[in-house]
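The task is to assemble the complex, starting from two chains supplied on their own in separate frames and drawing on the hints.
Protein sequence lines, in the order shown, are assigned to chains A and B.
With the first letter of the first sequence counted as 1, position 72 gets the number 72 in this note's numbering; the numbers rise by one all the way through.
Start counting at 1 in the second sequence, then tack on 93, and there's your number in this note's numbering.
Honestly, the hints are just simulated from the structure, not real lab data.
Note that CB positions come from ideal geometry on N, CA and C, so glycine has one too.
Don't take each hint at face value.
Every beta carbon over 10 angstroms from chain B, so not counted as near; a handful from chain A, in silico [as the list claims (entries may be wrong)]: (1) 33; (2) 34; (3) 54; (4) 71.
Where chain A lies over chain B, by a calculated footprint (3+ residues, C-beta under 8 angstroms) [claimed, not checked]: (5) 248–254; (6) 337–346.
Taking lysine-lysine pairs in the BS3-like style, the calculated list, with each CA pair at most 25 angstroms apart, reads [what the hints assert, rightly or not]: (7) B/127 x B/210; (8) A/23 x B/422; (9) B/369 x B/290; (10) B/422 x A/4; (11) A/24 x B/422; (12) B/150 x B/369; (13) B/369 x B/357; (14) A/24 x A/74; (15) A/24 x A/73.
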Amino acid sequence: MSEKRMLILAPGDNVGVLLEDAKKGDVAVYQNTRVTCLEDIQFCHKIALSDLPRHTDFIKYGEIIGYALRDIKKGEWIHTHNLDDVRGREGKL
Amino acid sequence: MDQMLGYRRPNGTFGVRNHIAVIPSVFCANHTAKLVASQVQGAIAFPHINGCGQHGKDLQQTIDTLAGIGRNPNFGAVLVIGLGCERVHAKDLAALIAETGKPVEYLNIQEKGGTLKAVEAGVRIAREFAFQLSLQQREPFPVSKLILGLKCGGTDATSGIAANPALGLAVDRIVEQGGTAFLSELAELLGTEHIMKRRAATPEVYEQISAVLSHTEDVLERMTKDYVRTSEQAALVTPGNFDGGVSSVSEKALGGIHKSGSCKFVGVVGYAEQPKGTGLYLMAAAGDDSDIATSLVAGGAQIIAFTTGRGTPTGFPGVPVLKITGNSKTYRNMEDDMDYNAGRVMDGEITLEQAGQEIYQEVLKIAGGKPTKAEVLGHDELFSIGRYDCF
Numbered sequence: 001m002s003e004k005r006m007l008i009l010a011p012g013d014n015v016g017v018l019l020e021d022a023k024k025g026d027v028a029v030y031q032n033t034r035v036t037c038l039e040d041i042q043f044c045h046k047i048a049l050s051d052l053p054r055h056t057d058f059i060k061y062g063e064i065i066g067y068a069l070r071d072i073k074k075g076e077w078i079h080t081h082n083l084d085d086v087r088g089r090e091g092k093l
Numbered sequence: 094m095d096q097m098l099g100y101r102r103p104n105g106t107f108g109v110r111n112h113i114a115v116i117p118s119v120f121c122a123n124h125t126a127k128l129v130a131s132q133v134q135g136a137i138a139f140p141h142i143n144g145c146g147q148h149g150k151d152l153q154q155t156i157d158t159l160a161g162i163g164r165n166p167n168f169g170a171v172l173v174i175g176l177g178c179e180r181v182h183a184k185d186l187a188a189l190i191a192e193t194g195k196p197v198e199y200l201n202i203q204e205k206g207g208t209l210k211a212v213e214a215g216v217r218i219a220r221e222f223a224f225q226l227s228l229q230q231r232e233p234f235p236v237s238k239l240i241l242g243l244k245c246g247g248t249d250a251t252s253g254i255a256a257n258p259a260l261g262l263a264v265d266r267i268v269e270q271g272g273t274a275f276l277s278e279l280a281e282l283l284g285t286e287h288i289m290k291r292r293a294a295t296p297e298v299y300e301q302i303s304a305v306l307s308h309t310e311d312v313l314e315r316m317t318k319d320y321v322r323t324s325e326q327a328a329l330v331t332p333g334n335f336d337g338g339v340s341s342v343s344e345k346a347l348g349g350i351h352k353s354g355s356c357k358f359v360g361v362v363g364y365a366e367q368p369k370g371t372g373l374y375l376m377a378a379a380g381d382d383s384d385i386a387t388s389l390v391a392g393g394a395q396i397i398a399f400t401t402g403r404g405t406p407t408g409f410p411g412v413p414v415l416k417i418t419g420n421s422k423t424y425r426n427m428e429d430d431m432d433y434n435a436g437r438v439m440d441g442e443i444t445l446e447q448a449g450q451e452i453y454q455e456v457l458k459i460a461g462g463k464p465t466k467a468e469v470l471g472h473d474e475l476f477s478i479g480r481y482d483c484f
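Just chain B, with the same shape it has in the complex (with noise of 0.2 angstroms):
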């Protein structure tokens, strides 16, 4: 089995980055965790606009969301951040993290008294950590231990030609050693029940896609019942991806389905939930790149690979985005931003087989510390809480 090296977390995880979260429970304690995080090495705010004012499966979905990010073995330890008044309390949120073994520590911006002292408290404990996260070092780890997050965004024509189906070959690698691998969005894998029914590991793993694929539709119709489209704006296929050339969101699942490879599906797993056990999940995310991307790194996944079409610069903060194009002519424009480009399948100069090998290693490379495009120059727009039902 292949290795790659990456931290080595108490409860057996694998992180393939060693920061420190620092993560506010409600937004109003966003700029203190900024403040925080901006003093320490190594250190990363995840502000939001959550946290209070929310209810039941809503409210219970921000809670999972955040646990999931602090969780996430990319993060070697965490500090929460709550003001002291709002529904997610930040000592409950720390406990859901501490489950992990790794160092987490939690304080009220109340209890404190304001901003200055609960940044003060704040900085000495990420502090603390930082200092206890340099002493670590890289260790192999097998392929069995990698969350690979699958997502396109920006998609044109050459994604489903070649941009997913090399990486799905990448995928089926991974899965084969027995690592683990997030397919999602599920708007966008409307019309691909037929081909899900084949990949399904067993008949009650079947129900379950139908039924988050189903309830996905039945959402699209409550929300836009009453709302007249023009045909351009029909459902799910965004400017970009018409003029990429793709028609309908049924042609943009088709594409989109051949990222996960050739593997059965063993399981679904919700929104920024941690899988029990290993292979291929079906993520039950909807939403944008960022509410998908999130509830990929929630549920634990150390890399994601995210195919584009007509590029796309986003990242996430603490957790390498690969970008691969199927586009020769958007890597040349966008190459500042693109990590690998499989249009040289469609270019006639490498084979699929090839692109998919490639886009492997450079999956290992990038676990063991080669930085993405997007993690060199800083990019972290992928962040952002999916809201229950909503998207």
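Only chain A is shown next, with the shape it has when bound in the complex (with noise of 0.2 angstroms):
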């Protein structure tokens, strides 16, 4: 376990962007905030800084950018298996 830097954008995000390739385990850190990834997590990937509930918005740059497919642990990677966002779809599911 080592600690990893991270960067959260906007007061007020859910997610964080992490500063370099993070192993399951490591501690994810910004200021006075540490979050233990719960999996591999690559660099500018983003990782969840609280416990969310299934359709929560996910919020980076103080902004919406998708919505939360499933329930969602603290120190997770939020990424396309798990976000989903309501603009520019392009055809059906």
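See the structure below:
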């Protein structure tokens, strides 16, 4: 386990951005915020800063970037497998 | 106000390069235009696939684009080459470009009697242009005469965190001094309407912005309604964007809009449209990097500032494209193609403000003649005329 640098872009964001590749068990650190990674998370990918119920909006830059497709645990990797967006959708799933 | 060194044009604009554009009015004249340009120092051909078999707004968009390229002040003189029977007439196109007061000539291949005779006539015209342009010296011009086109491509999450915000600070300095910048890439602004509402100079400007964004989403829906996607093909986000940590078009858009800085949008211009005033504009262009870059240049941009997270080597013929990456790994990996490493902000080596200042200084140097990495290597992929309502 080691500490990895993280960025939280705006107050109120519920996801942070890893500034280094992190392994499961590493701790993502930004100022006083410390979150244990529940899985490997690559450079520039997002991590949940708290538990978030299904359909919660994900907030980055202080803005909505999508919503949770299922219940999210603090420390989970947030990406297309658990985030969807209502904007600019092509065709149908 | 800061100044740069450029080439004064008769209509009061300034070029940061001094090339001769050889523009085919129709694809049938492509090879002839390329042969002419290959014989004359400083001449650049603009081959394309359009100019005939087009109708209405789509035809008009091609005419506007070719005229806009010719009118761009980086081209000191223009030769238009037509075939003779196409829908975009060489003579009419030349007349639109000649409104700028710059030297413009045209010829038609059928009238000249075929390729060889047309090439000879074209080379003689372009050679005279080369002599004329060679006598011109750079002179100082103010930042208020600069139009900077803003573009991103090969986006990853560093673009929204470092490269775009740093570029935005440079754009603020240009616009605050009376200069002009174009934000574009409509499909990648979906999800930023509430920010645009705050940043529109007037309610009328917001109505225009809202209308072009909503139209973009309608076109997207129409083009894809019977198309079954997988989540990885989802809308407007490329596999590279996903790999780079961008998860949705909203996330991409919220990062992308940072490159326009914090000034108010004073208006909306159409594809390839030259603005009547100065300031920050939204240009209604969508499509791939080349469709949009071409619109920026046709609109009058003398320089394109291009942010990229994953790295792209592309350039525009006759127009410097400044590559800014927010990703230090990409900078090291593609240093031969990257002009500026804003990834040092991510690495904690410099502040965002320092990066903005350095990018601004780099724009001034490039305006004054310093070639970009893409120019040095001859990259010219970004010229491609967008088709109306198709992206």
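Results of checking the hints against the structure:
{"no.": "1", "hint": "33", "result": "holds, 17 angstroms"}
{"no.": "2", "hint": "34", "result": "holds, 18 angstroms"}
{"no.": "3", "hint": "54", "result": "holds, 16 angstroms"}
{"no.": "4", "hint": "71", "result": "holds, 17 angstroms"}
{"no.": "5", "hint": "248–254", "result": "holds (count 5)"}
{"no.": "6", "hint": "337–346", "result": "holds (count 8)"}
{"no.": "7", "hint": "B/127 x B/210", "result": "holds, 14 angstroms"}
{"no.": "8", "hint": "A/23 x B/422", "result": "holds, 19 angstroms"}
{"no.": "9", "hint": "B/369 x B/290", "result": "holds, 22 angstroms"}
{"no.": "10", "hint": "B/422 x A/4", "result": "holds, 17 angstroms"}
{"no.": "11", "hint": "A/24 x B/422", "result": "holds, 22 angstroms"}
{"no.": "12", "hint": "B/150 x B/369", "result": "holds, 21 angstroms"}
{"no.": "13", "hint": "B/369 x B/357", "result": "holds, 16 angstroms"}
{"no.": "14", "hint": "A/24 x A/74", "result": "holds, 13 angstroms"}
{"no.": "15", "hint": "A/24 x A/73", "result": "holds, 14 angstroms"}
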